[in-house]
Amino acid sequence: MKPEIRNSNDESNSKFKIRNKGRFIIRISNLIRHSNFEFRIFKHLRISIGGGILALLLGICVISLPWTLRSSSDFYFDRQRADSALLSPQTHSPWLWFGTSMLGQSLLGQCLAGGVISLTIGLAAAAISVALGVSVGLVAGYRGGWVDSLLMRIVDVLYALPYILLVILFKIALESGLGKALHSSAGANLVVLFLSIGLVSWLTMARVIRGQVLSLRTLPFVEAARAAGVPGYRIFLRHLLPNLIGPITVYATLTVPQAILQESLLSFLGIGIQKPLPTWGSLASDGLGLALAPVASCWWLLLFPCTLLGVTLVALNFVGDGLRDAFDPKREGAKV
Amino acid sequence: MARFIAWRIAQLPVILAVVYLITFGLVWVAPGSPYENNDRALSEAAKNDLKLRFHAQSWEQFLTYYPWQIVRHGDFGPSLSYEGWSVNDILRSSLPVSMALGLVAVFIALIGGSAAGVTAAVRRGGLLDVLSLGMALVGVSLPAFVVAGLLIVIFSDWLHWLPGGGWGELRQIVLPALALAMMPMAYIARLTRSSMLDTLGNDYIRTARAKGLPRWTVVWKHAFRNAFLPVFTYLGPATAYAMTGSFVVETVFNIPGLGQHFVNGVKNRDQTLILGTVLVYAAFLLTLNLLVDIGYAVVDPRIEVEARQQ
Amino acid sequence: MMRLLTIPVMLAGLAAAAVYWSNDAGGRRPDFAFINRGDNKCLDPNGMSWMQDIRVAYALWEGLYTLDPVTLTPVLGCADRATVDSTRTVWTLHIRPEARWTNGDRVKAGDFLFEWRRFLETPGEYTYLHYYVRGAKQYASEFADYVAAKEKGGTTRPAPDFSIVGEKALDERTLVVTLSDPVPFFPALLAFPPFFPMHEASMRPFRESDGLHYRLDFTRPPNLVSNGPYRLAQWSFKRRLRMVASDYYWNRANVKSRVVDQVYADDGLAAYRTYERGEADWLSDVDANLAAQILAKGGRDDLHVFPAFGTYFYTLNCLPNLPDGRENPLADVCVRKALAMSIDRDPIVRNVGRLGQPPSRTYIPPNVFEGYSSPPGLAYDPEQARKLLAQAGYRNGQGFPNLTILYNTDGIHADVAQIMRRQWLNNLNIQMDLQGVEVKVFGQMLHTQQYAVARASWYGDYADPTTFSDKYKSDSDDNDAKWSNAEYDRLCAEAQRETDQGRRLRLLGRAENILLNEAPIIPLFTYVNAYMIRPQAKGIPLAANAMLMFNSVQVVR
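Chains as they are written, first to last, in the numbering used here: chain A, 1 to 336; chain B, 1 to 310; chain C, 1 to 557.
Please keep in mind that the hints were generated in silico from the structure rather than gathered at the bench.
The beta carbon of each residue, even a glycine, is placed where N, CA and C say it ideally should be.
Some hints here could point you the wrong way.
[As the list claims (entries may be wrong)] In silico EDC-like pairs for lysine to aspartate or glutamate, Cα to Cα no more than 16 Å straight-line:
1) 108/C - 200/C
2) 387/C - 370/C
3) 180/A - 433/C
4) 180/A - 324/C
[Said to hold, decoys possible] Computed footprint of chain B on chain A; a stretch qualifies when at least three of its residues, placed anywhere within it, have a C-beta under 8 Å from a C-beta of chain B:
5) 280–287
6) 300–310
Can you make the complete structure from the sequences, with help from the hints?
Okay, structure coming up:
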């Protein structure tokens, strides 16, 4: 589970009002002024390195899909060769570069296919949590009053529930129904996985967005639009949303690694992605016992999925942190 | 201040009740619930225990009689998957274990995370920033079971410095606490870093430096004290999370803690165990949040003024 | 600065206090410690069905017969004399005068009758074994009707009369049991936990208001009173179970280890490390991967891998409709045979089993029962399988509905399922999905036929083929495939009445032949047991049914 802070720095909270009111105004106007920040992206080391690594990995995984998904290819992820089980990495054939699994499947093929599936789950779960978090945060922040209190109480209560409980129960509750609806238990399993992860990860986003909207709401141009009779949804779309792109991007980028890790935890518990589809998390969890055995270690089963997983997640975190810094020019003055 | 505390304490039972309802509803709806028309779902002994002690076989009684039992006797009922054991037994034997493990983990996370975060903030943009943040991130970028497994292999199988699991001696706490602390440590590091950057940008810091105070005095005595607030806020949820146990760490290190029992309970749809554990967890979390809020007054006197002014 | 430090210092202090409080060191080192196959589910013989519980039960209780520590064949235990009449259906058993419970009370015939009656009135997993006794089945069903009628409200029906059951106490120390048919393995049954005695007086405070059920608190120390070599001294949830030698056991001079501990470890590698640290002397279920790696490296002196008394197989749903309402193609024998004949067991035992499990085409483990010749079963023949599938109307797999393979997500089951799926795809061009669920849900789904194809396993409980063949009788509760064949039932019933052992085994062989040819199950391999025993620990037999008698176990230091 991922416990979250109760009052993020960006949240407008009555306790902090005295200290931070001035800064919020400055920050927002800076944001608007610097909305073409893309040119400064190369100043930010973190974002370029992280983004570059991500693009590279994702590109390789996607490009290799025609091979990893074709059952006649050597790189097919489910090609079980009974005579080539648990081979350590060899250099003579490309499909043996990462070694083989217990059933004789090429680990390279599995890692490539698994990368696509892991990142798909991560992105889909992040998308769902963005959609849910932004809507709830927008409504709560904009409406205020009892709607705000009710929604925030709900968020508080959901925080008090252990995340594992919610994910497992959502998954179990939705899976059988979806399986019947889609007539395919494998497809239902995938959909339910990112649905249930996404449904649990939106809480922080909601809080952050609410905080931003609360401070945006008091700005003159928003009040002017309201006074002019502009309907609510247009205010959302044309005035509020563009200014929320910053926090949304940051937290969306930071949700993806969480989702991927949560999927690996579910695989470890035995309720993750359904076999034979691989993900990096399930490959790591399957290889754990074999690789860490004190006697004869099948180290490749853990090394390659974990390296890929680690590099991708560090890159994603770097990008997220870098974006957060990028949207906060005030920090440039922080030198001791 | 007293009114504020009283108001918050009064809210506790309401939130706990809502938590109870939501959890109960979720477990009820999930297929595989022990109350489906499936005579092998609950063994005879468990069914009878539930029926005769709690009169709770239908959902109505779960909403009325059962909570009353909890409130009046503190009795969470029999566990539905561990026959013959009551939820109170399970909680009593595993909660202290998880609490000890969690507290040590939070301690490690606090020290390590703050140090890493402060270093990263002070040396912003430099190699040390990337390095210390990177090291903290590695712990969060690998699945917890991998980190736990690697710790055992390195420190126990190869170096033989520490025992690789079990529970009973003080030495056996170190590795699992370290594994458990990875995630909060990374979070505290980032939080400290961003909060320190905020604080270091203030004018009074520059004034202090201009006055000639040594750099690290300024950083620790002045900046860190003010930057600590968000970290302090985070301590509440972090401690609650760590204390109610992490399933992965407990499984890999063979520790008889609450996290294992809880996850097994969820997988087995053990309603009473789930409800008991969730209520304990929620109570911990809410109490710790309350303590943190009260503690604000200790750490930052301006807030008390603020609250009084309101 | 000082203020900030208060928080970490407080945390550290609380941590130390909690560690101190949660420590369960408990003082004395055990004479023998072992890691069992899983945590104990239920120590009430009425509800017992798991192997780890039965192991502990053998230490805590003793039946009229008990098992010899070396050969594990039935020998006299609580009874010192047993005679059977010429029809071989009336057994007279005399209880040893020095047999006592752990609280000093003498063991009486009434203690056996109490528990045997309880088995009929509150049925458990093994109640069907009691049906060998004359009148038992009838009494059990009448009593069930009586309880159901009482619950509905009317008490007009009188309670059924227990005297129709062929179990009587002639006096305080003599039991007479009348069976409906001669049962040559009856001593083995008497040694098995469902036939143990129970101490009614110590259970009475835990009786429920319906007068029938007992709260399981009676199985926890200090409440449990048992009559075996050990008494239950301590049982902390999922941490440690401690048994101490009973001062009243009649054979206490021959109990070698005074204090026996069961240590818990859920994860296979964690269990191994616990053993390596010296906290256990016997690891009864070594992690399969670990054992395979040790074997591949040449083996170790303390690792013992040997065939077990159980079979790993796949079960096919034989009902006319699948759980979602579609027509079930597996109801057709040709389809089932095709599926059975298109499985090559070699990759399964070589790459997944890895412990030298013998591939098996038969349901009853071969070469275990003397005089029993196993039928050949269905061989691996993909060509013939394809022909059979075409014969059933699914030439080249066309039109075959998409089925799901159900398994529980522990151990090797996921890997075996992947291999099966791929072989059926390659050999028969049939698509199947995989569905892995938790073990408890798996058990429910299997038992209520909520599956199309599922993994299964069965271990034998006593030394007779009927422990396997009874499962697939039409009226058996454990018949998960819901397969029914009149000839099979007839052969089993005839074997039950047959007194000549040779003829009896031949009848059972013919029955198994029918079972294998109709293929409601696809046997894959015979299980192996993997033990790790410290060289100083003596007295643990390498028995196929993985049982042992704790009173002969000793760690020589």
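Quick rundown of the hints versus the structure:
{"no.": "1", "hint": "108/C - 200/C", "verdict": "11 Å, holds"}
{"no.": "2", "hint": "387/C - 370/C", "verdict": "37 Å, violated"}
{"no.": "3", "hint": "180/A - 433/C", "verdict": "13 Å, holds"}
{"no.": "4", "hint": "180/A - 324/C", "verdict": "9 Å, holds"}
{"no.": "5", "hint": "280–287", "verdict": "holds (count 3)"}
{"no.": "6", "hint": "300–310", "verdict": "holds (count 4)"}
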